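Using the sequences and the hints given, assemble the complete structure.
In order, the protein sequences belong to chains A and B.
Residue numbering for the first sequence is -15 to 98, as defined by the numbering used here.
Residue numbering for the second sequence is 1012 to 1124, as defined by the numbering used here.
Fair warning: there could be bad hints in the mix.
What the hints assert, rightly or not - The calculated lysine-lysine pairs, modelled on DSS-like cross-linking and capped at a C-alpha distance of 25 angstroms, are:
id, chain 1, residue 1, chain 2, residue 2
1, A, 41, A, 86
2, B, 1089, B, 1066
3, A, 86, A, 55
4, A, 55, A, 41
5, A, 86, B, 1081
6, B, 1123, B, 1081
7, B, 1066, B, 1081
8, B, 1084, B, 1066
9, B, 1066, A, 86
10, B, 1123, A, 86
11, A, 86, B, 1089
12, A, 41, A, -5
What the hints assert, rightly or not - Derived Cβ-Cβ restraints for the label pairs, each shown as a range:
id, chain 1, residue 1, chain 2, residue 2, range
13, A, -3, B, 1040, 37 to 43 angstroms
14, B, 1083, A, 35, 33 to 39 angstroms
15, A, 68, B, 1042, 38 to 44 angstroms
16, B, 1069, A, 34, 43 to 49 angstroms
17, A, 54, B, 1051, 30 to 36 angstroms
18, A, 34, B, 1040, 16 to 22 angstroms
Everything labelled a hint here was simulated from the structure, so no lab data went into it.
Keep in mind the model is a prediction, meaning the values are calculated, not measured.
Every residue, glycine too, gets a C-beta built ideally from N, C-alpha and C.
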Amino acid sequence: DTGVSQDPRHKITKRGQNVTFRCDPISEHNRLYWYRQTLGQGPEFLTYFQNEAQLEKSRLLSDRFSAERPKGSFSTLEIQRTEQGDSAMYLCASSPRDRSGKQYFGPGTRLTVT
Amino acid sequence: AQTVTQSQPEMSVQEAETVTLSCTYDTSESDYYLFWYKQPPSRQMILVIRQEAYKQQNATENRFSVNFQKAAKSFSLKISDSQLGDAAMYFCAYRSANRDMRFGAGTRLTVKP
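As structure tokens, this is what we get:
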């Protein structure tokens, strides 16, 4: 069990560019979550996958955001036409098939939009 | 909508002493989970303790324990024998079955040597 991993750890981009982040969950965890965390705040839910199906999306997830989990393993989060307000830490978490409710978080990807 | 409120933005405790972090939540559901997560300066969230709403017994994990008051919708975290490594942001979180997790704004805990 290597834990949840995210890549890259840091990303600096110019406004208007597209960025893509990757999350590798703990193996055999069927649920995967994306959150956004701004400085001094708790994480805010963005979207949730069960296997390859995207079951829930927050209203925070505008049309510029898209997430995929094509084979039910790793997931990608893409932000198109980035804005300065997108600057945040993007966290990924995964949870197992049981009903424990526990989520295991990755280290996050810090996005800075200049 | 479920909301989670942490009314203490910052707390401090002397090493080896006990500190209690407060959390209240709002929900109309009966089946849910409550969590405390710790986020050290390296920023990786670590699960500290978990409580299932249907269980009346308060959860305990070593030096960490909770006071779960379901009727009052209160879920406080007690840290006993505080250690320097306990310094971090602590987030209270709520999750109903198969739904997303909602977090409070966090409490920054400082441990003084």
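How the hints compare with the structure:
1. As the CA atoms of residue 41 of chain A and residue 86 of chain A are separated by approximately 19 angstroms, the hinted pair is consistent with the 25 angstroms bound.
2. The hinted pair formed by residue 1089 of chain B and residue 1066 of chain B meets the criterion: a straight-line CA distance of about 18 angstroms does not exceed 25 angstroms.
3. As the CA atoms of residue 86 of chain A and residue 55 of chain A are separated by approximately 22 angstroms, the hinted pair is consistent with the 25 angstroms bound.
4. Only pairs whose Cα atoms come within 25 angstroms are accepted, and residue 55 of chain A paired with residue 41 of chain A is accepted, the gap being roughly 19 angstroms.
5. Under the criterion of a C-alpha separation no larger than 25 angstroms, the hint pairing residue 86 of chain A with residue 1081 of chain B is consistent with the structure, at around 20 angstroms.
6. With a C-alpha separation of about 32 angstroms, the suggested pair residue 1123 of chain B and residue 1081 of chain B falls outside the 25 angstroms cut-off, and the hint is violated.
7. A C-alpha spacing of about 10 angstroms is found between residue 1066 of chain B and residue 1081 of chain B, which places the hinted pair at or below 25 angstroms, so the restraint holds.
8. Distance restraint check for residue 1084 of chain B and residue 1066 of chain B: the Cα-Cα separation of roughly 14 angstroms lies within the 25 angstroms cut-off, and the hinted pair is therefore satisfied.
9. At most 25 angstroms may separate the alpha-carbon atoms for a hinted pair to count; residue 1066 of chain B and residue 86 of chain A meet this at roughly 16 angstroms.
10. Restraint check for residue 1123 of chain B and residue 86 of chain A: the C-alpha separation of about 31 angstroms exceeds 25 angstroms, so the hint is violated.
11. As the CA atoms of residue 86 of chain A and residue 1089 of chain B are separated by approximately 20 angstroms, the hinted pair is consistent with the 25 angstroms bound.
12. This hinted pair checks out: residue 41 of chain A and residue -5 of chain A have alpha carbons roughly 24 angstroms apart, not beyond 25 angstroms.
13. The beta-carbon spacing between residue -3 of chain A and residue 1040 of chain B, approximately 39 angstroms, falls within the hinted interval of 37 to 43 angstroms.
14. Distance hint for residue 1083 of chain B and residue 35 of chain A: a CB-CB separation of about 38 angstroms, consistent with the stated range 33 to 39 angstroms.
15. Taken as a hint, the range 38 to 44 angstroms holds for the pair residue 68 of chain A and residue 1042 of chain B, whose Cβ atoms sit roughly 40 angstroms apart.
16. A beta carbon spacing of about 31 angstroms between residue 1069 of chain B and residue 34 of chain A contradicts the range 43 to 49 angstroms that was offered as a hint.
17. Our hint of 30 to 36 angstroms for residue 54 of chain A and residue 1051 of chain B holds, since their Cβ atoms are close to 33 angstroms apart.
18. Between residue 34 of chain A and residue 1040 of chain B the beta carbons are some 19 angstroms apart, a value that agrees with the proposed interval 16 to 22 angstroms.
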